[in-house]
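Participant: The listed protein sequences derive, respectively, from chains A and B.
For the first sequence, the numbering used here puts the final residue at 356, and the numbers step up evenly by one.
For the second sequence, the numbering used here puts the final residue at 1218, and the numbers step up evenly by one.
Derived from the structure by calculation, the hints contain no laboratory data.
Honestly, I wouldn't trust all of these hints.
From the derived model, a few chain A residues whose C-beta atoms are all more than 12 Å from chain B [stated by the list, open to error]:
#, residue
1, F10
2, Q79
3, C83
4, G84
5, L92
6, M96
7, N101
8, E107
9, P110
10, G167
11, R286
12, R319
13, E321
14, E323
15, D343
Footprint (simulated), chain A over chain B, 3 or more residues, beta carbon under 8 Å [as the list claims (entries may be wrong)]:
#, stretch
16, 1092-1103
17, 1130-1140
Beta carbons are placed, not taken as given, at the ideal position from N, Cα and C, and that holds for glycine.
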Amino acid sequence: MLQARLRKTFPQRPDSAGFSLELEFQAASGVTVLFGPSGSGKTQVLDAIAGFTRPDEGRILLDDELLFDGATGVHLPPQARNCGYVFQNYALFPHMTLRQNLMFAAERRPRLERHRRVNEMLETFRLTEAAGRRAHEVSGGQRQRCSIARALIVAPKLLLLDEPGQGLDAPLKTEFYEVLRQVRADFKTPVLLVTHDLDECFELGEEMLILREGKIVQSGTPRKILDQPANLEVARLLGAYNLIPCEIRALDPGRNTSKVQMGEFELEGPYFPGRFKGDRVILCVRPEQLVVSARLGKPGPNQIPGILLRAVEKAQWMRLEFEGGIFADVGRAEFERQRDNKDWVIEFPAGTLRVL
Amino acid sequence: MQIDWFPLWLSLRVAVVSTAVALAFGLWLAYILANREFRFKEVVDAMVTLPLVLPPTVLGYYLLVLIGRASPLGKLWEMIFGSPLVFTWKAAVVAALLHSLPLLVKSARAAFESVDRSYERAARTLGASEWRLFWRVTLPLAHRSIFAAGALAFAQAMGDFGITLMVAGNIPGRTQTVSLAIYDAVEAGNGAVARTFVLVVSIIMLAILSVANRLNPR
């Protein structure tokens, strides 16, 4: 279990704006994902935990060991921190074979055990055949598995991963998710993973921390965060919403309903705690939650007429763009069935409405 | 024609010893400069670089003050070894060292700095001590540039003239290195000896430079 509270200011430089990191979080067993756009300070957080940089203030506690404490001046070197680190470029030593890379990591173990342990790891990570080759002579997947194996061979108390999926093609990504799930099952090492890939959060993350400009703006399970982003900023970061300004017309906590005015149309939604009648809010709905159909006469409840501007083909689905900046995602088959619709209606299912 | 080859052998011996010392001390210094943050770091760097731009006579003068028979260092040397340091071939080693160290430190620092930081960081997270990290990761990764820098240091050590003249003198058969011998030969109108030495030195230097160039990664 990692408990971290840090503050660090990076002074303004000719090549970078000033920036400050100020956050507090915990990472228990399982995979905790640190999600944020580039420049939000994700890697700086990892570096501070691994001991490459020294925070100005704060406290980092791993299990019962104090890694850093600003108040008493404790600042363990990376060697003493027991944190495995998988670098974005894997950082496998290029002048060593994969086996030598693992041997280097295992050198602090007794000689006999060392060989056994390295062989075990090579086997676990399906590297036995490539063990005699150097990093640049093996495939990307093997490199990645080797760097994870190397980090784990010292039995770290925490595994740090810096954008591991970055730049991998789809099959390699799938393979990597597989490997990490295996790590989670076999090694029980808590993992702190940095990414700006939303899919990765869902594939791997049990907990998710959203980082923006050096601060954590929301935390929770990925599903919960996606269902209810804390504010407009988070919604924009996740980038997967229709964000439509509207006004609350009625609220009824007893029946758990509300009415919101969107342009000339009125929609029914669930009760919004903490909001008042007359509040101007942003309606936040994911494109795949909208239901589109052909317009037959007067639009039904929670339906609004839509004018289709274009349909964009995605890998697994179609994204329909309607006038007014409303996006709806529908399956390919569904779209094929409806493509000849003359007029459209868009339905906002009452249960899916969220406001920010 | 009778040529006394002693100056050439002396030069080679001086260059070998001074390169060895320069590598031991220079690599350490370069590694510190490349990896540690401390106050006056750039001042130290400037001090190391200074011999590159100072006239040899100035450097020689400093050295005489520093290791001359009246200086504390000179006295200490005499106490331990029973004979003075200046005007011996060992003083020529010191002179060659001063001549070759700046470039060695400069290029070794650049070589160490060109090693991707993530390798060193990875080694640290794997529990490697700084010592093991240096010998097993940084040095092997930078070895080509380091060899090249060593070769250049050797060439520079062999080529020193001014500083050697100031602190080791020009004693034939004792401290006369090949650069000094060429000067003497020209002064004495001994063209054949001068030409032979010039040719041999040129060939040696050319060989060293081509080795250094081949080693240096582009």
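Participant: Each hint needs a verdict: does it hold in this structure or not?
Facilitator: How the hints compare with the structure:
| no. | hint | result |
| --- | --- | --- |
| 1 | F10 | holds (15 Å) |
| 2 | Q79 | violated (5 Å) |
| 3 | C83 | violated (6 Å) |
| 4 | G84 | violated (6 Å) |
| 5 | L92 | violated (8 Å) |
| 6 | M96 | violated (8 Å) |
| 7 | N101 | violated (9 Å) |
| 8 | E107 | violated (8 Å) |
| 9 | P110 | holds (14 Å) |
| 10 | G167 | holds (15 Å) |
| 11 | R286 | holds (37 Å) |
| 12 | R319 | holds (38 Å) |
| 13 | E321 | holds (42 Å) |
| 14 | E323 | holds (49 Å) |
| 15 | D343 | holds (57 Å) |
| 16 | 1092-1103 | violated (count 0) |
| 17 | 1130-1140 | holds (count 4) |
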